[in-house]
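What follows is each chain in one-letter form.
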Amino acid sequence: MNAAAMWALIQKDARLYFANRLFALVTVLGLVAYATIYFLLPATVDETLKVGIAIPELPPALAAALEDDAMLVKQFASAADLRAAVAAGEVSVGFAFPPDLFDQIRQGARPTVELLLAPEVTPDFASVYEAAARELSFNLVGQELPVTISEVILGPDMAGAQIAPRQRMLPLFAVLVLMVECLGLASLIAAEVEQGTIRALLVTPLTMRGLFVAKSLFGSLFAFAQAVILLAVTGGLAQAALLNLTALLIGSVLMTGVAFLIAALGRDLMSVMGWGMLALLIMALPTFTVLIPGLAADWVYLIPTHYLVDTIYRSLNFGAGWAEVGGNLLPLAASALLLLALGMAILQRRFA
Amino acid sequence: MPEPAIVAEELTYRYGDLLAVDHISFTVERGEILGFLGPNGAGKSTTVKMLTGQLRPASGRALLLGIDVARYPKRVQARIGVCFEQPNLYEELSGVDNLRLFANLFNARDVDINALLRRVGLDGRGGDLVGRYSKGMKQRLMIARALVNRPDILFLDEPTEGLDPTSAEAIRRVILEEQQRGATIFLTTHDMYEADRLCNRVAFINSGKIVALDTPHNLKQQYGKRMVRAEVVGPDGALLTREIVLDRPETPAEIADLLAHQQVVTLHSEEATLEDIFIRLTGRGLA
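Which chain is which? The protein sequence lines are A and B, in order. All residue numbers for the first sequence refer to this note's numbering, where the first residue is 754 and numbers rise by one. All residue numbers for the second sequence refer to this note's numbering, where the first residue is 838 and numbers rise by one.
Check before you lean on any hint, since a few could be wrong.
Between beta-carbon pairs, the in silico distance windows are [stated by the list, open to error]:
hint, chain 1, residue 1, chain 2, residue 2, range
1, A, Arg1020, B, Arg893, 41 to 47 Å
2, B, Gly853, A, Gly949, 21 to 27 Å
3, B, Arg969, A, Arg1020, 47 to 53 Å
4, A, Arg1020, B, Arg1009, 35 to 41 Å
5, B, Tyr909, A, Ile1035, 41 to 47 Å
6, B, Arg851, A, Ile1035, 56 to 62 Å
7, A, Val986, B, Tyr909, 49 to 55 Å
8, B, Gln1058, A, Met1023, 27 to 33 Å
9, B, Gln923, A, Ala1050, 47 to 53 Å
In case anyone wonders, no lab produced these hints; they're calculated from the structure. These numbers come from a predicted model, not from an experiment. Cβ atoms here follow ideal geometry from the backbone N, Cα and C, with glycine treated the same way.
All chains, full assembly: derive it from the sequences and hints.
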């Protein structure tokens, strides 16, 4: 097929894509919305732990020991004041010592320290705070725990450099941009079948392969362009630009393959949307494991977008380069080519 | 002498157990208009799909312009134009954009799109979105699309079905112009009047087989019955119909008797229509 014919097909698909008001709107608004949400999300993480203490007298040495970069200790006059502060979210946790604390200790009694927690504190954290209360009490009575604590940080020390929510969200935005375009391409192909225009195209010198190449080029380049715009606007190309651009380009091809599969499964626009939403959910799952690290499990390696998300996430947030995440590109490219070939084969069988 | 435009040799196609086209053979000469007539499900569309390279025959072969369609479909498709029965245009694009796209696919960049639109009566409407066209306008645009590569063979599937008389007449005019240009036309239709008027020869297809193939005149001669139909006043004053079959030795005497002894109100000569012949050959109608 000559270049003019290829270009004519790509132009035709671009016009049809933007002639669909839904996709045109979602494409433009999506890009604007993702960029806006990105900039509205906090750029920093407040790592300070705000602790409240209600105590008759806080020894200056202890107060100095509690005051560091990571903890802000606020003293309250009474347990009631401290309760109100915890309830209002002014402090994360409160330690309310009895007003006659030192008298009780002198008399050899066992004073009760009230641990005040907000309702959302999980049991794990509650036990951590309980241990902290015991250590505080030990310090107040002048004794230290008879143990030595050694601190070891596994992986990069993120103290003071926690990943901001916007940076965690960026891979999700990139995958969403690619997926929206994927839905658009799938619906374009479904419309070609539904309206019979594909029959008209294929009784010309245009081959089935030429048609799919044109659609792959349109789908991949269009998705890639959108993802690049998003990353450029959000500063995502500031580091490891070549690595991220390569990952996005392969990711765009991957989504084009997914679009072919969706189009092959869908019989009309509605079923394309149904299959598309299912595919979107599956392909977006790896991004949730970035947002909520506890979700990560071995199954995530089966979803091709994991390798895209992992590359972007680690290169943008941990300074990972080709040596660290370049290996992701191989399974990403393999799955992209596999899905593309599979999608083309199924579509070809359907049209033949 | 140039080779025929279309040669079908024992063409056969099956949909599972259903034998859709059953070893049909025929030729279409260059510059000829062949009408392909048959009821729904007779095998017309399957035959056209095999001739245009959309389906591969189960057995037999089709040669278009001397080229084996199954082996070299793209070489054949570069030289034919196909107009489908159902509109399959890009409705979100303009008429001009639809034609330009196909001109590019055929590498026919020198084609005058506006002249094509004028030929089918769509001048001035080429910039409009096809979605806003009437059915007749869409059909005319489909014809124009089939002509962008100046095809040697034009396949037209029910090109005037359900159209208003103006659109239908515009399309018939273009068909005849294309024949004058030298194109061969393969016309699939239900419309016997159209086939009779436009086609050099017609083929009747039924249950996947060609049951007759000849000029309309010869078919009428061979299978039809010419007659005179008269309305006469009966004894009680009511109108009666009398039919006298022509081309028999006793015909002149019967006509003379009719005119001499009956009060004739109307008198018409009639000949069999292609539909009558089709029914006679197949025992079923074309609908």
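So, going through the hints one by one against the coordinates:
Range check, Arg1020 of chain A to Arg893 of chain B: about 24 Å between beta-carbon atoms, so the 41 to 47 Å window is missed. For Gly853 of chain B and Gly949 of chain A, the hinted distance range of 21 to 27 Å is satisfied, since their beta carbons lie about 23 Å from each other. In this structure the hint that Arg969 of chain B and Arg1020 of chain A lie 47 to 53 Å apart at CB is violated, the actual value being about 27 Å. Under the hint 35 to 41 Å, the C-beta atoms of Arg1020 of chain A and Arg1009 of chain B, about 37 Å apart, fit the expected range.
In this structure, Tyr909 of chain B and Ile1035 of chain A meet the distance hint of 41 to 47 Å, their C-beta atoms being roughly 43 Å apart. For the pair Arg851 of chain B and Ile1035 of chain A, the supplied restraint of 56 to 62 Å is violated, since their beta-carbon distance comes to about 40 Å. Look at Val986 of chain A against Tyr909 of chain B: about 51 Å separates their beta carbons, and that is inside 49 to 55 Å. The hinted range of 27 to 33 Å is not satisfied by Gln1058 of chain B and Met1023 of chain A, whose Cβ atoms lie roughly 56 Å apart.
The supplied range of 47 to 53 Å is met by Gln923 of chain B and Ala1050 of chain A, whose beta-carbon atoms lie about 50 Å from each other.
The structure does not agree with the numbered hints 1, 3, 6, 8 stated previously, though it agrees with the rest.
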